[in-house]
Every structure is written in structure tokens, then in C-alpha cells.
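Enquirer: Residues in the sequence shown are numbered consecutively from 1, following the working numbering.
Because the hints were derived from the structure by calculation, they are not lab data.
In silico lysine-lysine, DSS-like type, Cα no more than 25 Å apart, as pairs:
1. Lys271 <-> Lys245
2. Lys259 <-> Lys271
3. Lys259 <-> Lys245
4. Lys245 <-> Lys89
5. Lys8 <-> Lys167
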Amino acid sequence: MVVGKSRKHLHRYREIAGVLARHGWGWMLGRLGLPEHLGKHAELTPREHGPAHIREMLEELGPTFVKLGQLLSTRPDIIPEQYINELSKLQDTAPTVPPDAIRIVIEEEFCAPVSAVYAEFDYTPVAAASLGQVHRAVLADGTPVIVKVQRPNIVDVVETDIEILYKRAEFLEDHWERARTYGLSEIVDEFAMTIREELDYTREGHNTDRLREQMTGEPGIRVPRVYWQFTTRRVLTLEEIQGEKVTDAAAHISPAEGKQLAERIASAFLKQVFIDGFFHSDPHPGNILVTPTGEVGLV
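Using the sequences provided together with the hints, build the complete structure.
Expert: Below is the structure:
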């Protein structure tokens, strides 16, 4: 049976088969049209798996499947509630990328050594996610910035997984009426569009610019400036807004300050949603900062 068009696909199929087998889902491989890739110790009969077990399996399958699980957590029309709740816990975290790999990405993007792009660059990441990681740096004029650098080869990894998802969706739709009813290929379409947009940091930069313009004049709200001279599809350089997570600030400010802070944040998001029609799509506490002067930074 032909399952892919290259050795790269075959290698990834084997990785996926191994993860499924380790988690007791080896029996699914045959139903996906991949019987020759069953692991040596795969269980060939179904057994019950709780929602947490499925979440852990998606995390082990890697960034593409973590992102897919996050998308599915927004589809209560096809996913049972207990699974929705568990998939919403999927953490977009990953091991850090070695400094040399980060250096190579920056130098490839700017055709110059890192020292020619940034006066200072801290190779210790502030955060590491599945598609990229975040570093602190300083521009030549002394401006402190945040630099988001894409993981090496992540585009190839994601595109391989997307092609595999399309192939398996087509197979299931050919052999399973419910798959056609759910529109699996359309779900993969939606997912592919979303993750490809995330892999283009210039798009994120333009969205940040738009949000910054919308929030101009909104009292006490800051959105970071994009430094386009130092931004590409794989590197995004933003103004650093210094502050603490809103949840940390809430632990020590007065009730009156907390009320003012809550009203300020609520007002900003209500304006984005109901007036502007364009809004910050990931407002978790780590992306809402409170500055030393009491301003709210949306990052």
C-alpha cells in the first residue's frame, strides 16, 4: 500500500504508528489504511481510553497534533464535552532549541551575523512553544526588544503532517460514511489554513500593527510596536513591554486597583469584539501584562 510520496512521509508514518501503538491505539492503524505500519506490540482490539490519555498522546505526536487538538477543542458539534474540556488543556510548550540553531535561523533570514542585527541577543529563551521560541535582545540604538524565532525545519514538519492528515481524511471519507458527514477534509482545510498563518510571522506582525492602531487612544492600553526592519516570515521583533502577568498583579494590588484593572481590560476587549471586529485571539494571563505604571500590555 502506498501511504506517502517520499521517504520523509514513510519515516513520519512510522513515528505516528509508534506513538499510537505505545498508547494502545495500534488497532486504529488498520482502520486508517496503514496495517503494514503496526508496531510490534500494538494492540489489535479497541480498549477504553480516557480524555486525558488522548491529550497526552496528541502532545507526544508533536506540534501539528497539539494544534489540531486545540482546534478540535472548539468543535462541540463533533467532539463530546468531556473530550472538549481535556483538549482545551493542551499545552503549547516544547523543549528549547539549541543556541546554534537559533543563530542559524536569524542569520539565514537577514544574511548577516546576529551581532549585526542585534546589539545584544540573549540565547536563553523567555519561552519555548511548539512552532517557535522567544528571546530578549537589544537593538543598536539601545531599545530592548522581544524576538520570536521560528524553530528550524518546523515548516517541513508541519507540511508533512498536513499531507498525512489529508491522505488519512480522504481514506476515511472513502470508507466511512460518518467521516463524510463530519467533513473531515474540510476540518483539515481549516486547520491547515490556521497553522500556515501561524507560521508566517509577517502576518502576525501586520495583525499586531492593526491591533495597536485600534487601541490608540484607549486609556491605559499598550500594544507592542513591530520593528519591521528586523522582522521576516521566521523572525518577529517586537517592542518589549515590561510588566507582570495580570494574575500575578491581581494577587497584590488593592481592590480599587483591581476593579480599575478589570474594567480597563474588559473595555479594551469589548471594543475589539463589538466595535472594531478584530480582536486579540489569545488573551491568556501570560499575554496580558500590567506595567509598573499600571498600564495593560497586550502581547
